[in-house]
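The lines below spell out each chain.
Number of protein chains: 2
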Amino acid sequence: MSRGIAVEAYEQLVAEGYLESRPGGTTRVARAASTRSTAPRPTQPVQFEIDLRPGRPDVEAFPREAWLRSLRRTLSGAPAARLGYLDGRGIPELRLELAAYLNRVRGTVAHPDDIVVSTGFAQGIWLIATVLRADGARRFAMEDPTLGDSAFIVGTTGLQVVPIPVDEHGLRVDILSRADVAGVLVTPAHQYPTGRVLSPDRRAALLAWADRHHALVVEDDYDAEYRYDREPIGALQGLRPDRVVYAGSASKVLAPGLRLGWLVAPQDLATRLAATKKAIDQGSPAIDQLAFADFIARGELDRHLRRMRPIYRRRRDVLLAALARHLPELRPVGAAAGLHILAWLPAGLDPEAIVTVAAAAGIGIGSLAPGAAIGAVATPGTPGGLVFGYGAIAERAIDDAVRRLAEVIGGLRDSHAVAGNVEAAPEGAASLLSR
Amino acid sequence: MSRGIAVEAYEQLVAEGYLESRPGGTTRVARAASTRSTAPRPTQPVQFEIDLRPGRPDVEAFPREAWLRSLRRTLSGAPAARLGYLDGRGIPELRLELAAYLNRVRGTVAHPDDIVVSTGFAQGIWLIATVLRADGARRFAMEDPTLGDSAFIVGTTGLQVVPIPVDEHGLRVDILSRADVAGVLVTPAHQYPTGRVLSPDRRAALLAWADRHHALVVEDDYDAEYRYDREPIGALQGLRPDRVVYAGSASKVLAPGLRLGWLVAPQDLATRLAATKKAIDQGSPAIDQLAFADFIARGELDRHLRRMRPIYRRRRDVLLAALARHLPELRPVGAAAGLHILAWLPAGLDPEAIVTVAAAAGIGIGSLAPGAAIGAVATPGTPGGLVFGYGAIAERAIDDAVRRLAEVIGGLRDSHAVAGNVEAAPEGAASLLSR
Numbered sequence: 001m002s003r004g005i006a007v008e009a010y011e012q013l014v015a016e017g018y019l020e021s022r023p024g025g026t027t028r029v030a031r032a033a034s035t036r037s038t039a040p041r042p043t044q045p046v047q048f049e050i051d052l053r054p055g056r057p058d059v060e061a062f063p064r065e066a067w068l069r070s071l072r073r074t075l076s077g078a079p080a081a082r083l084g085y086l087d088g089r090g091i092p093e094l095r096l097e098l099a100a101y102l103n104r105v106r107g108t109v110a111h112p113d114d115i116v117v118s119t120g121f122a123q124g125i126w127l128i129a130t131v132l133r134a135d136g137a138r139r140f141a142m143e144d145p146t147l148g149d150s151a152f153i154v155g156t157t158g159l160q161v162v163p164i165p166v167d168e169h170g171l172r173v174d175i176l177s178r179a180d181v182a183g184v185l186v187t188p189a190h191q192y193p194t195g196r197v198l199s200p201d202r203r204a205a206l207l208a209w210a211d212r213h214h215a216l217v218v219e220d221d222y223d224a225e226y227r228y229d230r231e232p233i234g235a236l237q238g239l240r241p242d243r244v245v246y247a248g249s250a251s252k253v254l255a256p257g258l259r260l261g262w263l264v265a266p267q268d269l270a271t272r273l274a275a276t277k278k279a280i281d282q283g284s285p286a287i288d289q290l291a292f293a294d295f296i297a298r299g300e301l302d303r304h305l306r307r308m309r310p311i312y313r314r315r316r317d318v319l320l321a322a323l324a325r326h327l328p329e330l331r332p333v334g335a336a337a338g339l340h341i342l343a344w345l346p347a348g349l350d351p352e353a354i355v356t357v358a359a360a361a362g363i364g365i366g367s368l369a370p371g372a373a374i375g376a377v378a379t380p381g382t383p384g385g386l387v388f389g390y391g392a393i394a395e396r397a398i399d400d401a402v403r404r405l406a407e408v409i410g411g412l413r414d415s416h417a418v419a420g421n422v423e424a425a426p427e428g429a430a431s432l433l434s435r
Numbered sequence: 001m002s003r004g005i006a007v008e009a010y011e012q013l014v015a016e017g018y019l020e021s022r023p024g025g026t027t028r029v030a031r032a033a034s035t036r037s038t039a040p041r042p043t044q045p046v047q048f049e050i051d052l053r054p055g056r057p058d059v060e061a062f063p064r065e066a067w068l069r070s071l072r073r074t075l076s077g078a079p080a081a082r083l084g085y086l087d088g089r090g091i092p093e094l095r096l097e098l099a100a101y102l103n104r105v106r107g108t109v110a111h112p113d114d115i116v117v118s119t120g121f122a123q124g125i126w127l128i129a130t131v132l133r134a135d136g137a138r139r140f141a142m143e144d145p146t147l148g149d150s151a152f153i154v155g156t157t158g159l160q161v162v163p164i165p166v167d168e169h170g171l172r173v174d175i176l177s178r179a180d181v182a183g184v185l186v187t188p189a190h191q192y193p194t195g196r197v198l199s200p201d202r203r204a205a206l207l208a209w210a211d212r213h214h215a216l217v218v219e220d221d222y223d224a225e226y227r228y229d230r231e232p233i234g235a236l237q238g239l240r241p242d243r244v245v246y247a248g249s250a251s252k253v254l255a256p257g258l259r260l261g262w263l264v265a266p267q268d269l270a271t272r273l274a275a276t277k278k279a280i281d282q283g284s285p286a287i288d289q290l291a292f293a294d295f296i297a298r299g300e301l302d303r304h305l306r307r308m309r310p311i312y313r314r315r316r317d318v319l320l321a322a323l324a325r326h327l328p329e330l331r332p333v334g335a336a337a338g339l340h341i342l343a344w345l346p347a348g349l350d351p352e353a354i355v356t357v358a359a360a361a362g363i364g365i366g367s368l369a370p371g372a373a374i375g376a377v378a379t380p381g382t383p384g385g386l387v388f389g390y391g392a393i394a395e396r397a398i399d400d401a402v403r404r405l406a407e408v409i410g411g412l413r414d415s416h417a418v419a420g421n422v423e424a425a426p427e428g429a430a431s432l433l434s435r
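Top to bottom, those sequences are chains A and B. My numbering applies: residue 1 is where the first sequence begins, and numbers increase by one. My numbering applies: residue 1 is where the second sequence begins, and numbers increase by one.
For the record, the hints were derived by calculation from the structure and aren't laboratory data. Be aware that one or more of the hints could be misleading.
For chains that are exact copies, the list does not tell them apart, and a pair is met inside one copy or across any two.
[As the list claims (entries may be wrong)] In silico SDA-like links for lysine to any residue, alpha-carbon gap of 20 Å or less:
#	residue 1	residue 2
1	LYS278	GLN267
2	LYS278	ALA81
3	LYS278	GLU93
4	LYS278	ASP135
5	LYS278	GLY148
6	LYS278	ARG104
7	LYS278	ASP149
8	LYS278	GLN47
9	LYS278	THR157
10	LYS278	ASP268
11	LYS278	PRO266
12	LYS278	ARG82
Starting from the given sequences, assemble the full structure and let the hints guide the process.
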């Protein structure tokens, strides 16, 4: 699974000052690419005029006033010792609030001592992989498709990533049980990016597999608070807290820039994760943790989620309607939850090519390459797809955004025609490109 | 160099709930060590009744009002995009302010693009070691003695730590030049823990060595803002920004709990450090970075340092007087700067034993073991020492603290006498213990 390699490449070039992203949505070679100025080059990720990239919440809606109130209470009330050196588990006040919140809202069985506060999911999965590797583990399984970032991070620790396919019921546990791995990363509530829910049978089979192999299940619960068709699906961790590490973060429910995440782990593992975190960064920043504890305790997190859920739901509805109107050949799935929709492309059409031309036109969007993304267990017939995030785009802008994307795809057809390649396009693509 | 292994062991036991640290300063086995309660166990580092541990600033003096003002301005003014996903270098506003501050106050030659914002020195040295290791480096040199934490962190990346002795002029560059290493970590402005300044000759020799061997010099500038005898000593980085990575943090100048640090690195290395940081934690938290940028820009950091410098200086003077009064056998060195003093013990007296009995009496203090701390290049004749931090203790409490420490050391003599071991104590120790 790639969330737009071309987009990342653009961002990198902008980050390195070779390209400039401009408000009008055009991207061009920077004027002063070869000179150095006294102002920093724009190394923040590029802003697209139209941002349909997945994994991004609405940071415009970040509750600044409420957060500032929590910061003010923290700075007026926290004991001075909280500003000293920290331990690797996190501030006790926050672990207490997180345990209560997760047990109530996500059905976990979490004790404050089992929680390790991290700087987000990326650090959490790095810590888990590092501890597994230190214990001698060599191989670690992931869903296929999955988020490419996670596979990259696990790979940096020396673990070999083993892709396991997902089908309409979620992870293929039968294939997993033939893989010799120390653990597996799953997204049971809302598979990324396909949006499937891990079925009750598969949940039971997965936990039985973990018992049989003394393996670890890592549950990435990245957007489960946003469920539109029913009550949120309870966390796997609640069934077997001794086999499952639960991973959550504030990145989707509040803002990625907070860099606040948490793991709920079996007690011995929690101690080791905390020791590893202590070694690499001396613990997460204190004031943010205390403010977040206050924010949860005063019901502000619940309030924010109650406010955002119908907003995101309406955006999803508008997006589905826009796709039906402007890109009817796409087949949207996984729309019952979260902040994104996967839309399968007609077979043979290259999603990366679409991402590239869309980026050049100021439109950011995610993609799913045909076949497997992280390894060899590809199902050759699987088509590619586009991943539409609706967290960072205003409701009123969605229809026009999809219409412009359809035009961009039409322009891709024209350039193929100019290059004399239109006859090489596969049937499904031709159908799409004929729009 | 060990900053009190016994102290750390105590902290760990308290952290794991097996011991309780009590306000009266006694430590005892916890009542409910084997049961679990719903409140988190006390995993924050233990508070000593008397805290003379090094490396700790006065967190009671943290400028909460000014910091809150910077947070308020950040939350009312920052663009929403700053709350989205971050890059690994850090927020541009902060890098701009840090470059100006460091160039003005520390004599660096820093461009905002050369700066990587980290969560503190621990993460900074981890990032540097990780990138060196990825480039195929196998060995990395450190001063001997040095801070044990740094050696541990570098070791986790797979690099072998090579200890290089320091003498009264600082690092022995002649010995370094016979070691086959990819880089070296130094504390040129205020060697930790001996307090030496790297002499002008040695600075030149160190940079010449780095050129000859294409090696990297990492400059840990951990407490250079506190210099009492003269103007602060300019950073080595200012002489050769292409060979030196400068590392600083807010831990000593403001508070460790902020987890704010920075590296100034040659441009290509800065890019790779930022990419590694992005991979493991997606960048440091945004709101803290923006608040710190505002805090520097409005002169609050300068104001805080101007306020704290005379306070720490008076504490140092009181500590030196108390040592002369209550422990005249100790030989204090390195008192012209920083937040700690190393006091050499009479030869043969075991500093770890003193740390252990002091901890049991509620007194936290650091130690330097006799001979080398991180490896084999020991100078056998080097005595052990105690490291007195005066950052976290009130001026009025210092004389009594040193008097009580002298009593504790006296008690150690008594228990030796009971055990019939007093005749085994070396001459210098006997002199000390006779107090």
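Structure-based check of each hint:
In this assembly of identical chains, the alpha carbons of LYS278 and GLN267 lie at most 20 Å apart only when taken from the same copy (16 Å versus 28 Å across copies). In this homomeric assembly, LYS278 and ALA81 come within 20 Å of each other (Cα to Cα) only inside a single copy, at 17 Å, whereas the closest approach across copies is 30 Å. For a Cα distance limit of 20 Å, the shortest separation of LYS278 from GLU93 inside one copy, 18 Å, qualifies, whereas the shortest one across copies, 28 Å, does not. In this assembly of identical chains, the alpha carbons of LYS278 and ASP135 lie at most 20 Å apart only when taken from the same copy (18 Å versus 25 Å across copies).
In the homo-oligomer, the alpha carbons of LYS278 and GLY148 lie at most 20 Å apart only across protomers (14 Å), although the nearest pairing inside one protomer, at 27 Å, exceeds that limit. Neither within a single protomer nor between protomers do LYS278 and ARG104 lie at most 20 Å apart by alpha-carbon distance, with minima of 29 Å and 32 Å respectively. In this assembly of identical chains, LYS278 and ASP149 lie within 20 Å of each other by CA distance solely across copies; the values are 10 Å between and 23 Å within a copy. Only between protomers do LYS278 and GLN47 lie at most 20 Å apart by alpha-carbon distance; the minimum there is 18 Å, versus 34 Å within a single protomer.
Proximity of LYS278 and THR157 under a CA criterion of 20 Å is satisfied in both settings, with 17 Å inside one chain copy and 15 Å between copies. Taking the shortest alpha-carbon separations for LYS278 and ASP268, only the intra-copy value of 15 Å comes in at or below 20 Å, while the best inter-copy value is 28 Å. In this assembly of identical chains, LYS278 and PRO266 lie within 20 Å of each other by CA distance solely inside one copy; the values are 18 Å within and 27 Å between copies. Within a single copy, LYS278 and ARG82 get their C-alpha atoms as close as 15 Å, which meets the 20 Å cut-off; across copies the closest is 27 Å, which misses it.
Consistency with the previously given hints fails for number 6 only.
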